[in-house]
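Student: So the chains spell out like this:
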Amino acid sequence: AQSVTQPDIHITVSEGASLELRCNYSYGATPYLFWYVQSPGQGLQLLLKYFSGDTLVQGIKGFEAEFKRSQSSFNLRKPSVHWSDAAEYFCAVGPMEYGNKLVFGAGTILRVKS
Amino acid sequence: DTGVSQDPRHKITKRGQNVTFRCDPISEHNRLYWYRQTLGQGPEFLTYFQNEAQLEKSRLLSDRFSAERPKGSFSTLEIQRTEQGDSAMYLCASSSSGLDSYEQYFGPGTRLTVT
Numbered sequence: 039a040q041s042v043t044q045p046d047i048h049i050t051v052s053e054g055a056s057l058e059l060r061c062n063y064s065y066g067a068t069p070y071l072f073w074y075v076q077s078p079g080q081g082l083q084l085l086l087k088y089f090s091g092d093t094l095v096q097g098i099k100g101f102e103a104e105f106k107r108s109q110s111s112f113n114l115r116k117p118s119v120h121w122s123d124a125a126e127y128f129c130a131v132g133p134m135e136y137g138n139k140l141v142f143g144a145g146t147i148l149r150v151k152s
Numbered sequence: 545d546t547g548v549s550q551d552p553r554h555k556i557t558k559r560g561q562n563v564t565f566r567c568d569p570i571s572e573h574n575r576l577y578w579y580r581q582t583l584g585q586g587p588e589f590l591t592y593f594q595n596e597a598q599l600e601k602s603r604l605l606s607d608r609f610s611a612e613r614p615k616g617s618f619s620t621l622e623i624q625r626t627e628q629g630d631s632a633m634y635l636c637a638s639s640s641s642g643l644d645s646y647e648q649y650f651g652p653g654t655r656l657t658v659t
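Going down the list, the protein sequences come from chains Y and V. In this text, residue positions in the first sequence follow the working numbering: the first is 39, and each later residue adds one. In this text, residue positions in the second sequence follow the working numbering: the first is 545, and each later residue adds one.
Source of the hints: derived by calculation from the structure; they are not laboratory data. None of the values given here were measured: they were computed from a predicted structure. Possibly wrong hints are sitting among the right ones.
[As the list claims (entries may be wrong)] Computed list of chain Y residues with no C-beta within reach of chain V, every gap over 10 Å:
id, residue
1, E58
2, G66
3, E104
[As the list claims (entries may be wrong)] So, partial list: chain Y residues that the calculated Cβ filter (under 10 Å) puts toward chain V:
id, residue
4, Y70
5, Q80
6, G81
7, Q83
8, C129
9, N138
10, F142
[Said to hold, decoys possible] These stretches of chain V come out as covered by chain Y in the derived footprint (C-beta under 8 Å, 3 or more residues):
id, stretch
11, 587–599
12, 645–656
In this text, a Cβ means the ideal position worked out from N, Cα and C, and glycines have one as well.
Build out the structure end to end from the sequences listed, making use of the hints.
Tutor: The following block contains the structure:
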């Protein structure tokens, strides 16, 4: 069955430090991969996506992610974290059959300390 | 450009009552999705519409749940005889059916609390 694993429930980093959030997926075909961010009281905002081609993808807010097929991973990175990045981050994989529904991981809560 | 909107944002109801949520997708999007998110979990797919046709329903969607999308515009999700286990955030998303069809845009959600 298709699944997404985000091994870290919480991560705390200092402002200005680098960040890497881990995502591993299980999918039978070529996956489409996404990272979303959710701030308290807000909906999910798409940070970046990977469909094909260059395995290093750039997103909004200075985030990037690298697709590694051999490791079934799609880790999210940012070189310098800002306090406003504190939020919950979700990795998702699709398309799931007809309709392109997504399967999400359980999320990683990022805390930023000053 | 207005995004996906959902109404109400919060709903508190007593067990056994019926509730209905509304989602207004981005106007040019013909695909609409409902997801449910419980505390500490990522969103889980509930159902999907293309235009007015409901094309897929998750096993999570019990007989107490019904969704409609009349005229292929807004959608409603109704829960009958609510149970405490229905307490969750209900998220709506929409997408086009073109080249960007895999990009889903989410609304702010409706948080349901069943007491």
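Student: Determine for every hint whether it applies to the structure shown.
Tutor: Comparing the hints with the structure gives:
Remark: the non-interface label on E58(Y) is consistent with the geometry, its nearest Cβ contact in chain V lying 19 Å away (cut-off 10 Å). Under the 10 Å C-beta cut-off, the non-interface status given to G66(Y) relative to chain V holds; the minimum distance is some 17 Å. Remark: the non-interface label on E104(Y) is consistent with the geometry, its nearest Cβ contact in chain V lying 19 Å away (cut-off 10 Å). Nearest Cβ of chain V to the Cβ of Y70(Y): about 5 Å, under the 10 Å cut. The hint holds.
Below 10 Å, beta-carbon pairs count as interface contacts, and Q80(Y) has one with chain V at about 6 Å; its hint therefore holds. Evaluation of the G81(Y) hint against chain V yields a held restraint, the C-beta minimum of about 4 Å falling below 10 Å. A cut of 10 Å between beta carbons decides the hint on Q83(Y): the least distance to chain V is about 8 Å, and the hint holds. For C129(Y), the shortest C-beta to C-beta distance to chain V is roughly 8 Å, which falls under 10 Å, so the interface hint holds.
A least Cβ separation of about 5 Å between N138(Y) and chain V falls short of the 10 Å threshold, and the interface hint therefore holds. The interface hint given for F142(Y) is met, as the beta carbon of that residue sits about 3 Å from the closest beta carbon of chain V, less than 10 Å. By the rule of at least three residues with a Cβ nearer than 8 Å to a Cβ of chain Y, the coverage given for the stretch 587–599 of chain V holds, with 6 such residues. With 9 residues having a beta carbon nearer than 8 Å to a beta carbon of chain Y, the stretch 645–656 of chain V meets the requirement of three or more and the stated coverage holds.
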